[in-house]
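Engineer: The lines below spell out each chain.
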Amino acid sequence: MAQTAEAVRAEDRPRPEPGPDRSPPRRRKPTPYLLIAPTLLLLAVVLLWPVGQMVWNSLHAYSTRHLLPAGPAPGWNGFAHYTHLLSDPFFWHVLRNTVAVCALMVGITMVLGTLVGLLLHKLPKWFSTIVAVGMMLAWATPAISASLIFRWLFLPERGLANVLLDGMPDWLVGSGWLDYSWFLEPLSLFTVLILVIVWQSFPFVAVSVLAGLKSVPGELYEAARVDGAGAWRSFWSITFPMLRPLFSLLLVLQIIWDLRVFTQLYILANGFQNTSVYLLSYYIYQQGFSASPPNYGMGSAIAVVMTAMILAVSAYYLRIMIRQGETR
Amino acid sequence: MSTAAPRRTGTPRTGGTRRRLSRGLRRTGLYAAGTAVLVFAVFPVYWMVSTALKPVSEIFARQPRLLPGAPTLDHFDRVVNGQLIPGVNFWQFLANSLFVTLGSVAVAAVMSLLAAVAIARFRFRLRTGLILLLMLIQMVPMEAMIISIFINFRHLQDVSGVQLLGNLTGIVIVYTAVALPITIMMLRGFVAAVPRELEEAAAIDGAGNWTVFWQILMPLVAPGLVAASIFAFITAWNEFIVALTFLGRSTENYTLPLTLSYYFGRFGTEWGAIMAASTLLTIPVMIFFLFVQRRMVAGLTMGAVKG
Numbered sequence: 001m002a003q004t005a006e007a008v009r010a011e012d013r014p015r016p017e018p019g020p021d022r023s024p025p026r027r028r029k030p031t032p033y034l035l036i037a038p039t040l041l042l043l044a045v046v047l048l049w050p051v052g053q054m055v056w057n058s059l060h061a062y063s064t065r066h067l068l069p070a071g072p073a074p075g076w077n078g079f080a081h082y083t084h085l086l087s088d089p090f091f092w093h094v095l096r097n098t099v100a101v102c103a104l105m106v107g108i109t110m111v112l113g114t115l116v117g118l119l120l121h122k123l124p125k126w127f128s129t130i131v132a133v134g135m136m137l138a139w140a141t142p143a144i145s146a147s148l149i150f151r152w153l154f155l156p157e158r159g160l161a162n163v164l165l166d167g168m169p170d171w172l173v174g175s176g177w178l179d180y181s182w183f184l185e186p187l188s189l190f191t192v193l194i195l196v197i198v199w200q201s202f203p204f205v206a207v208s209v210l211a212g213l214k215s216v217p218g219e220l221y222e223a224a225r226v227d228g229a230g231a232w233r234s235f236w237s238i239t240f241p242m243l244r245p246l247f248s249l250l251l252v253l254q255i256i257w258d259l260r261v262f263t264q265l266y267i268l269a270n271g272f273q274n275t276s277v278y279l280l281s282y283y284i285y286q287q288g289f290s291a292s293p294p295n296y297g298m299g300s301a302i303a304v305v306m307t308a309m310i311l312a313v314s315a316y317y318l319r320i321m322i323r324q325g326e327t328r
Numbered sequence: 001m002s003t004a005a006p007r008r009t010g011t012p013r014t015g016g017t018r019r020r021l022s023r024g025l026r027r028t029g030l031y032a033a034g035t036a037v038l039v040f041a042v043f044p045v046y047w048m049v050s051t052a053l054k055p056v057s058e059i060f061a062r063q064p065r066l067l068p069g070a071p072t073l074d075h076f077d078r079v080v081n082g083q084l085i086p087g088v089n090f091w092q093f094l095a096n097s098l099f100v101t102l103g104s105v106a107v108a109a110v111m112s113l114l115a116a117v118a119i120a121r122f123r124f125r126l127r128t129g130l131i132l133l134l135m136l137i138q139m140v141p142m143e144a145m146i147i148s149i150f151i152n153f154r155h156l157q158d159v160s161g162v163q164l165l166g167n168l169t170g171i172v173i174v175y176t177a178v179a180l181p182i183t184i185m186m187l188r189g190f191v192a193a194v195p196r197e198l199e200e201a202a203a204i205d206g207a208g209n210w211t212v213f214w215q216i217l218m219p220l221v222a223p224g225l226v227a228a229s230i231f232a233f234i235t236a237w238n239e240f241i242v243a244l245t246f247l248g249r250s251t252e253n254y255t256l257p258l259t260l261s262y263y264f265g266r267f268g269t270e271w272g273a274i275m276a277a278s279t280l281l282t283i284p285v286m287i288f289f290l291f292v293q294r295r296m297v298a299g300l301t302m303g304a305v306k307g
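Sequence order for the protein chains is A and B.
Letter by letter, the first sequence follows residues 1 to 328 in this note's numbering.
Letter by letter, the second sequence follows residues 1 to 307 in this note's numbering.
Please note: incorrect hints may appear among the correct ones.
[Stated by the list, open to error] Sample of chain A residues facing chain B (criterion: CB under 7 angstroms; computed from the structure):
(1) K122
(2) F262
(3) I310
[Claimed, not checked] Heads up, simulated SDA-like pairs for lysine to any residue below, C-alpha to C-alpha not over 25 angstroms straight-line:
(4) A:K125 x A:L220
(5) A:K125 x B:L30
(6) A:K214 x B:P223
(7) A:K214 x B:R27
(8) A:K214 x B:A193
(9) A:K214 x B:A36
(10) A:K122 x A:F247
(11) A:K122 x B:G29
(12) A:K214 x B:G161
(13) A:K122 x B:L21
[Unchecked claim] Incomplete in silico selection of chain B near chain A, CB under 7 angstroms:
(14) L30
(15) A33
(16) V49
(17) M111
(18) A115
(19) F122
(20) F124
(21) A144
(22) I149
(23) S278
(24) L281
(25) I283
(26) V285
(27) F289
Quick caveat, the hints were computed from the structure, so don't treat them as lab data.
Beta carbons: idealized from backbone N, C-alpha and C, even for Gly.
Extracted from the complex, chain B is given alone in its bound form:
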């Protein structure tokens, strides 16, 4: 502070022009920096879409062009109507991805709502333990557990004949479990924020537990439920390592991320198609992200930021 002080006290004497000039410079600098950040963030996404729309000759031109000269939907057509993996078409992969994401989201939503009500509305012996468990379990990386989960599912298959590897059921189960901790923690705040007097008033008016739940709690918790569900959706939609491990060679069950990785491994030079498929994978996430971005900050940092 001692070094900065004399310089600053001198400023007023130099008059308004210089100050205005330096403020103008400062503003320009800020805008320039903001533009640079914007370009850094957006450009790779732009390049993905732009490549997907270029004809092959332009993709591999010696001088790459920023804009597609002759935009074409050929790559999208090939991805959607052709076969990324021989014998299976795009709609099958889309259906697989939708099944695992929507399946896990639906189950996780119900289970996490129940658990969130328990945590927010009741005091019970396991409560603190459960909260700690939820926080800790989301820290243990899937990359570390994947071998054990795989072995467990194999054993289950041998012992009981229940098939959870090579199909989508096992994936739904794992995605649900992975989504639960964070969805519960997100919902908990919403449930706690519902005034208890409201429920009590309804109960006095003769509403049963079920009515209180649907008529009072649900409408107020719904936004949280939507946010938590979208969060779970994005996680499941993007998930890669579990799908890679569980699905192995049963290509007809592949989810979209796995399909993309497989296609890249086989046809690594088809950049038009790869970028078109990447674009299709990215679009749903971007749409959902618009809705939950703020919630996501609050959910992940849990109260450190009042987002």
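Just chain A, with the same shape it has in the complex:
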């Protein structure tokens, strides 16, 4: 990609004196704007405008009655939603859970994905292809299907997980594994949630790391082995530094994706009654569409917090992109 960008730039440099008989097709100025106009218009209206709207909403008292054509205009509310959030123990509880669950998802996904990528690199081609195709099944499974599968696997009484765990000592969960319910308490529900997310996202990390490993010259490892470096040592001295940009990128993408988990939680929690398992995205949705009456202002304030967190991480992503020359 960087090379192609380079090539384009070279093409765009003014050519020294085009011959009189061969004038390069000069493109008229308005063309690029015409080409991007539909895209810009759609993105501005559908995605960009709502971002501003979100901030505006968060500063107003806004509910369903304000949506009615004859209803009152949303009233200015200042920073009341934010101050309320800051002093609300429940919001902090949700925020803490979101950060902790996200950290676990990202951490486990990255470590597992990297290990699997290294493993695939070591395996003979035929076997690593089989494993890669198998991983694609996990990666390709739609979030809804994946969540339902895990809900079924961890079902009390008849779920496969509980039947298999039945051999474990009962005191671990109180009254026996077979009828242990995973979806009531935050700790057990988040365990299953993390498992679903890791199951779906480790293949992407593994395949990316594998692709990255192929770009590292084999002589480096050869030299390290001659110097007596083991696997651990050569990972940290060669693989990691060589693939650092890739690892940063994967890390950032995983954080961004895992901070916003919604669908899987929607299925696993099966409704909004159990407030102890809320994550930020879930809290936003509940405020906007499940609370009665809906509190669009409060929902938007939480959305602003979440967006700020994600944009902070994205800033790092953008920096990597700019450094790689993707914006040129």
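Using the hints provided, position chain B relative to the given structure of chain A.
Structural biologist: Below, chain B without anything else, positioned relative to chain A:
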């Protein structure tokens, strides 16, 4: 390194047998680990299909069986020919899903091709800004914007009478916008890779802009267009939160993921049917995934990996 060195230099002296033995062990270990990864990745999908094929008595047997003892297509029959939601049949949901995915893919393909040509072939003032915007906009989570988008569409409805909630049009619009940034970035590389000399040569031979576009650019960019379209297809096919918010109670417009979630909410114990429907939802994605998996890595990590 200082701790590892003495141990390693000692290896040659111990002779070939031990080395061969340890290499054999290592190989076995690698295969075992690979098999474990394979099982972890495949098993949940296998369990979905296997459950879908089991009769109810086997699904809820005290001792679950790995393989269906008496495989049956009853659950699939019930999903496809019965009514997952009273009054609406499976084909309607499939048609809804196909409409929103194919609709958004078609529009996004055309728009992103135009924008990709602009970015790859022209220098203009907004160019860098546009690229940054594309990168940034795909970071802002839909989960955060959904309230605002919903309110905007409601206002539009009140002001102009254009109905975008409770039907599929609004969903197509949002899916198209969501797909655009990544499809543009994927296509951009393909357009840039087409040698400009080729276009110029055609132009010298008297080909107009239109001919150059269809005869020169299109055939070379087509693989990228296919990959980007499949990517957009998968995203739209799986999408849940927008459909959930926009469609509300108009069940006749439900897409497949929404239907599945609704059915699970109502008939949460019908695991045979739920798994059969999940299988049907998953199959198209798996097929398409085979085609774009490599592109997807390259598209998402954008150049950090030369996939």
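Engineer: It remains to establish, for every hint, whether it holds in the given structure.
Structural biologist: Structure-based check of all given hints:
Annotation: interface hint on K122 of chain A holds; nearest CB of chain B at approximately 6 angstroms, less than 7 angstroms. Restraint check, F262 of chain A versus chain B: the minimum CB separation of about 5 angstroms is within 7 angstroms; hint holds. Taking 7 angstroms as the C-beta contact cut-off toward chain B, the hint placing I310 of chain A at the interface holds, the least distance being around 6 angstroms. The straight-line distance between the Cα atoms of K125 of chain A and L220 of chain A is roughly 21 angstroms, inside the 25 angstroms bound, and the hint therefore holds.
As the CA atoms of K125 of chain A and L30 of chain B are separated by approximately 13 angstroms, the hinted pair is consistent with the 25 angstroms bound. With a C-alpha separation of about 24 angstroms, the suggested pairing of K214 of chain A with P223 of chain B holds against the 25 angstroms cut-off. Taking the CA atoms of K214 of chain A and R27 of chain B, the gap is about 20 angstroms. The hint holds against a cut of 25 angstroms. With a C-alpha separation of about 23 angstroms, the suggested pair K214 of chain A and A193 of chain B falls inside the 25 angstroms cut-off, and the hint holds.
About 23 angstroms separates the Cα atoms of K214 of chain A and A36 of chain B, which keeps this hinted pair within 25 angstroms; it holds. Pair hint K122 of chain A plus F247 of chain A holds up; C-alpha atoms about 19 angstroms apart against a cutoff of 25 angstroms. Our distance criterion of 25 angstroms between C-alpha atoms is met by K122 of chain A and G29 of chain B, whose separation comes to about 11 angstroms. Among the hinted pairs, K214 of chain A with G161 of chain B is inconsistent with the structure: their alpha-carbon atoms are about 56 angstroms apart, more than 25 angstroms.
Distance hint between K122 of chain A and L21 of chain B is fulfilled; the C-alpha atoms sit about 18 angstroms from each other, no more than 25 angstroms. Look at L30 of chain B: its Cβ gets to within about 6 angstroms of chain A, closer than 7 angstroms, so that hint holds up. A distance limit of 7 angstroms between C-beta atoms decides the matter here; for A33 of chain B the minimum to chain A is near 6 angstroms, and the interface restraint holds. Taking 7 angstroms as the C-beta contact cut-off toward chain A, the hint placing V49 of chain B at the interface is violated, the least distance being around 10 angstroms.
Restraint check, M111 of chain B versus chain A: the minimum CB separation of about 5 angstroms is within 7 angstroms; hint holds. For A115 of chain B, the shortest C-beta to C-beta distance to chain A is roughly 4 angstroms, which falls under 7 angstroms, so the interface hint holds. For F122 of chain B, the interface hint holds, since its Cβ comes within 7 angstroms of a Cβ in chain A; the closest pair sits about 4 angstroms apart. Hint status for F124 of chain B: holds, given a least beta-carbon distance of 4 angstroms to chain A, under 7 angstroms.
The restraint placing A144 of chain B at the interface with chain A holds, with a minimum CB-CB distance near 4 angstroms, inside the 7 angstroms limit. Against a cut-off of 7 angstroms between C-beta atoms, the interface hint on I149 of chain B holds, since the closest Cβ of chain A lies about 5 angstroms away. At about 4 angstroms, the closest approach between the beta carbon of S278 of chain B and any beta carbon in chain A falls short of 7 angstroms, and the interface hint on this residue holds. Annotation: L281 of chain B was flagged as interfacial toward chain A, and the flag holds, the nearest CB pair being 5 angstroms apart, inside 7 angstroms.
The beta carbon of I283 of chain B is not positioned within 7 angstroms of any beta carbon in chain A (closest approach about 10 angstroms), and the interface hint is therefore violated. With its C-beta approaching chain A no nearer than about 5 angstroms, V285 of chain B sits inside the 7 angstroms limit, and its interface hint holds. Hint on F289 of chain B holds. Least Cβ distance to chain A is approximately 4 angstroms, under the 7 angstroms limit.
Of the numbered hints listed earlier, those contradicted by the structure are 12, 16, 25.
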